[in-house]
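Note that the protein sequences, when read in sequence, are chains A and B. Take 583 as the starting number for the first sequence in my numbering and just add one per residue. Take 9 as the starting number for the second sequence in my numbering and just add one per residue.
Quick caveat, the hints were computed from the structure, so don't treat them as lab data. Even for Gly, the Cβ is constructed at its ideal location relative to N, Cα and C. Check each hint, because a few of them may be wrong.
Unchecked claim - Ranges of calculated distance between the beta carbons of each label pair, as one might list FRET restraints:
(1) B/25 - A/730: 22 to 28 Å
(2) A/664 - B/101: 43 to 49 Å
(3) B/160 - A/651: 27 to 33 Å
(4) A/627 - B/25: 42 to 48 Å
(5) B/20 - A/692: 35 to 41 Å
(6) A/715 - B/11: 29 to 35 Å
(7) B/160 - A/715: 50 to 56 Å
(8) A/651 - B/155: 36 to 42 Å
Unchecked claim - Which bits of chain A does chain B cover? Going by a derived footprint, with three or more residues having C-beta under 8 Å, they are:
(9) 646 to 658
(10) 668 to 675
(11) 681 to 692
(12) 713 to 719
Here is what each chain is made of, one letter per residue.
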Amino acid sequence: MTTISSPPLKRGPIFLLSWGPACAGMTIFAALLLAAPALADSDLPAARWANEQLPDPRQEAQAKALMEELRCLVCQGQSIADSDAELAGDMRALVRQRIAAGERPGQVRKWLIERYGNWVTYRPPVEPVTWPLWAAPILLLVAGAWLLRKRLVRRRA
Amino acid sequence: MNRWLRFLPLLVLAAFVAAVIWRLDRPAEEQIPSQLVGQPVPSFALAPAMPGKAGLLSAELAKGRPRMINVFASWCVPCITEAPLLMELKRQGVAIDAIAVRDRPEDVAAFLARHGDPFLAIGSDPESRVQLALGSSGVPESFIVDGHGIIRYQHMGPIEPGDLPEILREWEAAK
């Protein structure tokens with residue numbers, strides 16, 4: 583995000599540093615403990631449906647499942663279901679309002695993808711760009727089976 | 009069996025570790041640009057964010073002249089740093105409207121009294137709905153909408169002095 587409310591997480595060399603002496607690790611641990619996120623949020627209360635469940639349990643289940651697969655725009659490692667950011671709350675409210683109005687979860691997801699791209703969903707669509715992503719587990723399984731077979735055959739010999 | 013083949017898993021591991029170290033050192037792009045640049049501005053109607061100002065209607069954005077929409081908030085600290093630059097853009101003839109995200113009328117009025125008011129109309133977006141509809145992921149952000157209501161440009165984050173030439177160029181292009 584672009585306010586100073588949530589400083590972008592610069593993960594980088596810090597992990598490499600923590601491979602160093604234990605005291606460096608302790609310092610980083612202490613820094614993490616002290617580094618409470620300084621949230622410069624608005625004073626307004628959360629949107630009504632940000633933290634309130636829909637009365638219809640089936641709709642709420644649909645909304646919840648979708649929220650867990652949508653990515654928070656502010657704290658980019660979290661789903662909007664997990665995030666405390668105000669914008670995530672407003673996104674939850676948007677999801678619940680649209681589901682309550684009769685939209686299907688797929689339509690709500692599509693609406694957000696039209697605005698933020700595939701970035702916003704944790705369930706990437708199958709398309710040429712994501713093909714390696716979907717194929718990798720299968721290829722790895724095949725490679726594993728091949729390696730295993732080699733071993734077993736050699737042992738029997 | 010080729011004896012070099014046994015080193016293959018090690019090589020794969022080394023490649024994986026190298027890829028991870030590279031990504032840790034160079035984090036991925038953190039800005040999420042709106043996919044609506046080049047698309048019509050979504051339809052919305054926002055109530056005035058403070059007394060004495062008009063609210064913001066998307067229909068007003070397709071009346072033949074370009075407009076700039078500044079998405080801001082009184083509680084947004086970087087918005088203070090870009091305030092003088094918005095005044096400068098106004099001085100140079102840029103017509104700027106605003107969307108106040110999650111804000112109160114008195115807070116908006118106090119913010120503009122203190123930091124300057126370059127805005128023609130200000131719509132209030134208490135639940136970030138129009139912000140989300142625009143594909144904006146934070147405050148401040150600015151959009152340039154041409155006279156046909158097509159979003160032509162998005163600037164993410166506070167406008168800095170070095171951004172003015174590009175914004176003015178995009179403004180001229182949207183005319």
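**C-beta pair residue 664 of chain A, residue 101 of chain B: status relative to the range 43 to 49 Å that was hinted** = Distance hint for residue 664 of chain A, residue 101 of chain B holds at roughly 45 Å.
**Request:** Examine the region 668 to 675 of chain A for residues whose CB is less than 8 Å from any CB of chain B, and state whether their number is three or more.
**Result:** Coverage by chain B holds here, the residue count being 5 at a Cβ distance below 8 Å.
**Message:** A range of 50 to 56 Å was offered for this pair. Does it hold for the Cβ distance of residue 160 of chain B and residue 715 of chain A?
**Reply:** violated (33 Å)
**Message:** Within 36 to 42 Å: is that where the Cβ-Cβ distance between residue 651 of chain A and residue 155 of chain B falls?
**Reply:** holds (39 Å)
**Message:** Just to be sure I understand the hint, the distance between the Cβ atoms of residue 715 of chain A and residue 11 of chain B should be within 29 to 35 Å; is that true here?
**Reply:** Distance hint for residue 715 of chain A, residue 11 of chain B holds at roughly 33 Å.
**Asked** For the pair residue 627 of chain A and residue 25 of chain B, does the Cβ-Cβ distance stay inside 42 to 48 Å?
**Response** holds (47 Å)
**Message:** Taking 8 Å as the Cβ threshold, is the statement that the region 681 to 692 of chain A is covered by chain B upheld or broken by the three-residue rule?
**Reply:** Answer violated; 0 residues pass the 8 Å Cβ test.
**Asked** Counting residues of the region 713 to 719 of chain A that have a beta-carbon nearer than 8 Å to any beta-carbon of chain B, does the count reach 3?
**Response** violated (count 0)
**Request:** Could you say whether the range 35 to 41 Å given as a hint is met by the Cβ separation of residue 20 of chain B and residue 692 of chain A?
**Result:** holds (37 Å)
**Request:** Using the beta carbons of residue 25 of chain B and residue 730 of chain A, state whether their distance is inside 22 to 28 Å or not.
**Result:** holds (24 Å)
**Asked** When you take the CB atoms of residue 160 of chain B and residue 651 of chain A, is the distance between them in 27 to 33 Å?
**Response** At roughly 32 Å between Cβ atoms, residue 651 of chain A and residue 160 of chain B fall inside 27 to 33 Å, so the hint holds.
**Asked** Checking C-beta pairs, does the region 646 to 658 of chain A have three or more residues closer than 8 Å to chain B?
**Response** With 3 residues close enough to chain B, the hint holds.
Figure legend: structure checked against the earlier numbered hints; hints not met, in rising order: 7, 11 and 12.
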